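*Asks:* First to last, the protein sequences are chains E and B. The opening position of the first sequence corresponds to residue 1 in my numbering, with each subsequent residue numbered one higher. The opening position of the second sequence corresponds to residue 1 in my numbering, with each subsequent residue numbered one higher.
It is worth saying that the hints were derived from the structure and are not from the lab. Just so you know, these numbers come straight off a predicted model, no measurement behind them. Some hints here could point you the wrong way.
What follows is a list of derived Cβ distance ranges for each label pair [said to hold, decoys possible]: (1) B:183 to E:102: 57 to 65 Å; (2) B:205 to E:42: 39 to 47 Å; (3) E:218 to B:205: 50 to 58 Å; (4) B:24 to E:157: 27 to 35 Å.
Just so you know, even glycine gets a beta-carbon here, dropped at the ideal spot from N, CA and C.
Read off the chains here:
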Amino acid sequence: MSATDITPTPRRIPDRLDKPFRSAILSWEALLVAVAVTIFIVNSFASPYFLDVWSLSDLTFNFTEKGLIALAMALLIISGEIDLSVAAIIALASTLMGMAAQVGVDTPGVLLIGVGTGLVCGAFNGLLVTGLGLPSIVVTIGTMSLFRGTAFIILGDQAYKGYPASFAFFGQGYVWWVFSFELALFAIAAVVYWFVLHRTSFGRRIFAIGNNAVAAQFSGVRVGRIKFILFCLTGLMSGIAAVLITSRLGSTRPSIAQGYELEVITMVVLGGVSILGGAGSILGVVLAALIMGLVTFGLGLLNVPGIVMSIFIGLLLIMVIALPILWDRFGRRRRLA
Amino acid sequence: MKTLAKHREIWLLAAIAGLVALISVRFPGFARPGNLATVFNDTSILMILALGQMVVILTRSIDLSMASNLAFTGMVVAMINAAFPAFPIPLLILVAIGVGLLLGALNGLLVWKLGIPPIVVTLGTLTIYRGATFLISGGAWVNADQMSPAFVGLQRMQLLGMPVLSWIAITVIALFFVLMSRTSVGRSFYAIGVNPTASVYAGIDVGRTKFLAFCLSGAVAGLCGYLWISRYVIASVEVANGYELNIIAACVIGGISIAGGIGSVAGAVLGALFLGIISTALPVINVSPFWQMAISGSAILLAVVLNARGERKQGRIILRKAEAA
Numbered sequence: 001m002s003a004t005d006i007t008p009t010p011r012r013i014p015d016r017l018d019k020p021f022r023s024a025i026l027s028w029e030a031l032l033v034a035v036a037v038t039i040f041i042v043n044s045f046a047s048p049y050f051l052d053v054w055s056l057s058d059l060t061f062n063f064t065e066k067g068l069i070a071l072a073m074a075l076l077i078i079s080g081e082i083d084l085s086v087a088a089i090i091a092l093a094s095t096l097m098g099m100a101a102q103v104g105v106d107t108p109g110v111l112l113i114g115v116g117t118g119l120v121c122g123a124f125n126g127l128l129v130t131g132l133g134l135p136s137i138v139v140t141i142g143t144m145s146l147f148r149g150t151a152f153i154i155l156g157d158q159a160y161k162g163y164p165a166s167f168a169f170f171g172q173g174y175v176w177w178v179f180s181f182e183l184a185l186f187a188i189a190a191v192v193y194w195f196v197l198h199r200t201s202f203g204r205r206i207f208a209i210g211n212n213a214v215a216a217q218f219s220g221v222r223v224g225r226i227k228f229i230l231f232c233l234t235g236l237m238s239g240i241a242a243v244l245i246t247s248r249l250g251s252t253r254p255s256i257a258q259g260y261e262l263e264v265i266t267m268v269v270l271g272g273v274s275i276l277g278g279a280g281s282i283l284g285v286v287l288a289a290l291i292m293g294l295v296t297f298g299l300g301l302l303n304v305p306g307i308v309m310s311i312f313i314g315l316l317l318i319m320v321i322a323l324p325i326l327w328d329r330f331g332r333r334r335r336l337a
Numbered sequence: 001m002k003t004l005a006k007h008r009e010i011w012l013l014a015a016i017a018g019l020v021a022l023i024s025v026r027f028p029g030f031a032r033p034g035n036l037a038t039v040f041n042d043t044s045i046l047m048i049l050a051l052g053q054m055v056v057i058l059t060r061s062i063d064l065s066m067a068s069n070l071a072f073t074g075m076v077v078a079m080i081n082a083a084f085p086a087f088p089i090p091l092l093i094l095v096a097i098g099v100g101l102l103l104g105a106l107n108g109l110l111v112w113k114l115g116i117p118p119i120v121v122t123l124g125t126l127t128i129y130r131g132a133t134f135l136i137s138g139g140a141w142v143n144a145d146q147m148s149p150a151f152v153g154l155q156r157m158q159l160l161g162m163p164v165l166s167w168i169a170i171t172v173i174a175l176f177f178v179l180m181s182r183t184s185v186g187r188s189f190y191a192i193g194v195n196p197t198a199s200v201y202a203g204i205d206v207g208r209t210k211f212l213a214f215c216l217s218g219a220v221a222g223l224c225g226y227l228w229i230s231r232y233v234i235a236s237v238e239v240a241n242g243y244e245l246n247i248i249a250a251c252v253i254g255g256i257s258i259a260g261g262i263g264s265v266a267g268a269v270l271g272a273l274f275l276g277i278i279s280t281a282l283p284v285i286n287v288s289p290f291w292q293m294a295i296s297g298s299a300i301l302l303a304v305v306l307n308a309r310g311e312r313k314q315g316r317i318i319l320r321k322a323e324a325a
């Protein structure tokens with residue numbers, strides 16, 4: 001190869017970016033809103049039972065638990081890491097809560113154990129990834145087996161029942177009228193996460209890490225510590241989700257929340273968070289959570305089996321990612337012509 | 001670099017030997033050649049799948065859809081067999097490989113032509129392929145009595161003292177060994193994993209090579225679709241649910257770096273064997289099978305920690321050699 005091949009072409013500095021970051025994000029969320037509205041309209045025509053406040057209230061249970069984890073997972077993925085162990089954390093936390101309830105621990109104690117287990121598991125992931133510098137995808141595949149495996153060791157093929165009566169509030173209680181405790185918690189968490197990611201320097205640092213961890217490190221961002229905090233947060237949210245699910249179901253099996261990790265990640269990616277890190281918004285994730293809830297609930301009303309719904313979710317995931325790419329390519333070709 | 005790579009497989013082999021020795025203390029019959037051959041046979045499917053996954057991981061990608069692909073293909077061949085029992089089995093195996101290849105090619109096309117990250121593509125197709133399994137079967141099972149004796153019997157036939165399933169595994173291992181070490185395509189899988197940019201300058205089409213890797217993992221999953229169904233003699237939507245993570249676990253234990261470019265056929269095979277031995281041995285030494293998951297989780301974590309240290313060492317050696325040159 002001759003040297004001429006690598007001489008740099010003269011740089012042309014554009015007066016503004018080809019595609020402003022802001023408008024790209026806006027259009028993504030606009031797309032999600034359009035999808036959500038379409039599904040909502042289709043649903044209300046498809047089933048006479050859909051447009052009812054209590055139906056719609058039930059609908060929210062489809063996404064609040066996974067959505068809570070997705071909020072923290074979004075931050076983690078934006079920082080360039082991933083956590084596949086969230087569902088296993090739910091299983092372990094739920095099992096330990098069941099154990100505690102079995103020996104007569106009351107609601108506050110059970111609650112503390114569930115949330116605490118989540119936090120400890122998240123910290124364990126964080127330590128392995130940031131302390132030892134291991135790839136998060138492999139670490140969390142390992143801890144996923146470890147956490148759920150521990151639940152299986154404790155419970156085997158048994159189940160825990162008999163939670164304190166007051167414990168049922170978290171998963172079955174209503175704050176006001178049709179608004180469940182789960183929905184209220186999700187709404188509050190969404191606002192908090194939105195504020196943290198988009199309005200604080202901590203949030204800016206997460207984006208900085210995701211775009212270029214080395215540059216962020218040299219700019220004085222404590223990359224390891226922030227990633228560790230994000231793993232703890234994801235664990236904590238999984239612990240909270242474990243409390244909600246356990247309370248809603250009123251029983252614990254080691255196979256609880258099987259496959260949730262992939263649904264949560266689907267939610268995050270559907271919400272416009274780049275799986276490669278560095279881009280995304282909480283609004284997108286909330287919209288994606290809503291869309292997934294709408295799809296599963298609407299199809300459920302039509303007696304479509306869960307496994308067929310998963311086809312829709314899978315198609316939705318690929319289409320929503322592929323369409324802007326195709327659109328962009330088509331647009332560029334037209335511009336060049 | 002080669003001696004170091006060899007080192008890792010030797011360590012893994014030593015760990016497996018140690019594991020077998022440890023089990024033999026509790027249960028002396030475990031290390032008998034006949035029993036080890038049975039363990040090998042039991043692990044055949046996981047070994048074949050791990051080899052397919054290895055190629056994908058080498059190219060800095062990941063295929064989460066392998067287990068769903070397996071379930072879909074398995075259902076297809078089981079339904080063909082139930083409807084046309086006279087359909088020749090060798091042809092049916094070709095159909096399985098073909099269907100698997102097609103599903104893998106779809107993954108590969110989305111990665112290659114649209115540039116969607118592999119983890120997103122295969123996360124999507126993971127649910128789509130399993131959902132499609134439900135659609136074609138209507139949720140019904142294909143039971144043992146609907147399968148022809150040839151369909152079920154082929155892999156159990158004894159050939160030179162071993163079941164055909166073991167021979168299929170050995171053939172696939174040999175093919176992968178030749179592919180990875182003796183062909184330019186095999187070397188380009190490594191090349192684009194180590195340095196995609198340099199590979200482009202070396203004339204390797206990165207996208208196309210990734211596409212080929214997905215085709216390969218798909219074809220392998222298809223083959224295992226037939227093997228799985230004829231081994232466990234039931235085809236349902238739930239077949240191999242969640243197994244994709246076992247496959248990745250085998251690769252990780254086998255020292256295949258998730259960052260791409262590092263890994264070997266021997267590693268993938270040994271990683272799968274390690275998991276296979278654990279799952280066979282637990283009931284034998286009176287440990288509840290419920291311990292299996294936690295043990296393999298710990299094994300994965302241990303393997304990652306050890307591999308990460310190995311990779312760092314390797315990096316320095318390459319630099320030193322470059323300086324000397």
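*Asks:* Run every hint past the structure and note whether it holds.
*Replies:* Tested hints:
1. B:183 to E:102: 57 to 65 Å: holds (59 Å)
2. B:205 to E:42: 39 to 47 Å: holds (42 Å)
3. E:218 to B:205: 50 to 58 Å: violated (35 Å)
4. B:24 to E:157: 27 to 35 Å: holds (29 Å)
Going through the hint list in order, the structure does not satisfy hint 3, though it satisfies all others.
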